[in-house]
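S.K.: Numbers in the working numbering are just positions in the sequence shown, counted from 1, shifted up by 11.
Watch out, some of these pointers could steer you wrong.
Claimed, not checked - In silico BS3-like links for lysine-lysine, alpha-carbon gap of 30 Å or less:
| no. | residue 1 | residue 2 |
| --- | --- | --- |
| 1 | LYS51 | LYS98 |
| 2 | LYS30 | LYS76 |
| 3 | LYS65 | LYS76 |
| 4 | LYS98 | LYS20 |
| 5 | LYS98 | LYS30 |
| 6 | LYS51 | LYS30 |
Stated by the list, open to error - Pair ranges (Cβ atoms, derived):
| no. | residue 1 | residue 2 | range |
| --- | --- | --- | --- |
| 7 | LEU91 | ASP48 | 20 to 28 Å |
| 8 | ALA92 | ILE53 | 25 to 33 Å |
| 9 | SER77 | LYS99 | 13 to 21 Å |
Just so you know, the hints here were simulated from the structure itself, not pulled from any lab data. These figures come from a predicted structure and were not determined experimentally. Every residue gets a Cβ at the ideal spot worked out from N, C-alpha and C, and that includes glycine.
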Amino acid sequence: MQIINIIGKDVDIDENLSKSQLREVLVDAFAYLVDNDFSKLIQILYKADVDQYKLKELLETTDGKSSAEVIADAYIARQLAKIETWKKYSQ
12 MQIINIIGKD VDIDENLSKS QLREVLVDAF AYLVDNDFSK LIQILYKADV DQYKLKELLE
72 TTDGKSSAEV IADAYIARQL AKIETWKKYS Q
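Build the full structure now, drawing on both the sequences and the hints.
M.R.: Next comes the structure, spelled out in C-alpha cells:
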C-alpha cells in the first residue's frame with residue numbers, strides 16, 4: 012500500500028498492515044506522542060501538512076473518539092488526499 016510507504020517516513024510501522032491495523036498503530040502512536048512528546052507530534056502533523064485549523068475544529072466537535080483517534084483519522088485522510096493528488100497530476 013502506497014500510504015504505508017508515506018506514513019513509514021513519519022512513524023515506525025510494519026509494511027504488511029491492513030488499513031484498520033494501520034489506524035490502530037497510528038492511534039497508539041499519536042496517543043503516546045500527545046502524552047510524552049507533543050513537539051514531535053506537531054512536527055509530524057506539520058510535515059504531513061495536516062490543516063491545523065481543521066484539526067482543532069475536529070478535536071473540539073468530535074464526540075465519542077479520543078484525541079488520538081481524531082488526529083490519526085485526520086492524518087490518514089491528509090496522506091490519502093496527497094496520494095490522490097499525485098496520481099491525478101502524474102498521469
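S.K.: Does LYS76 lie within 30 Å of LYS30 when you go C-alpha to C-alpha?
M.R.: Distance ~18 Å between LYS30 and LYS76 Cα, so the pair holds.
S.K.: Between LYS51 and LYS30, is the straight-line Cα distance small enough, at 30 Å or below?
M.R.: 23 Å, holds
S.K.: Mind checking the alpha carbons of LYS65 and LYS76 for me, to see if they're no more than 30 Å apart?
M.R.: 16 Å, holds
S.K.: Going straight from one Cα to the other, do LYS51 and LYS98 come out at no more than 30 Å?
M.R.: 29 Å, holds
S.K.: Between LEU91 and ASP48, is the Cβ distance one that fits in 20 to 28 Å?
M.R.: 25 Å, holds
S.K.: Verify the CB-CB distance for SER77 and LYS99 against the hinted window 13 to 21 Å.
M.R.: 33 Å, violated
S.K.: LYS98 and LYS20: Cα distance at most 30 Å?
M.R.: This hinted pair holds, its Cα atoms lying about 19 Å apart.
S.K.: Is LYS98 close enough to LYS30, meaning Cα to Cα at most 30 Å?
M.R.: Holds, at about 19 Å.
S.K.: Indicate whether the distance between the beta carbons of ALA92 and ILE53 respects the range 25 to 33 Å.
M.R.: 20 Å, violated
The structure fails to meet hints 8, 9 from the earlier list, while all remaining hints are met.
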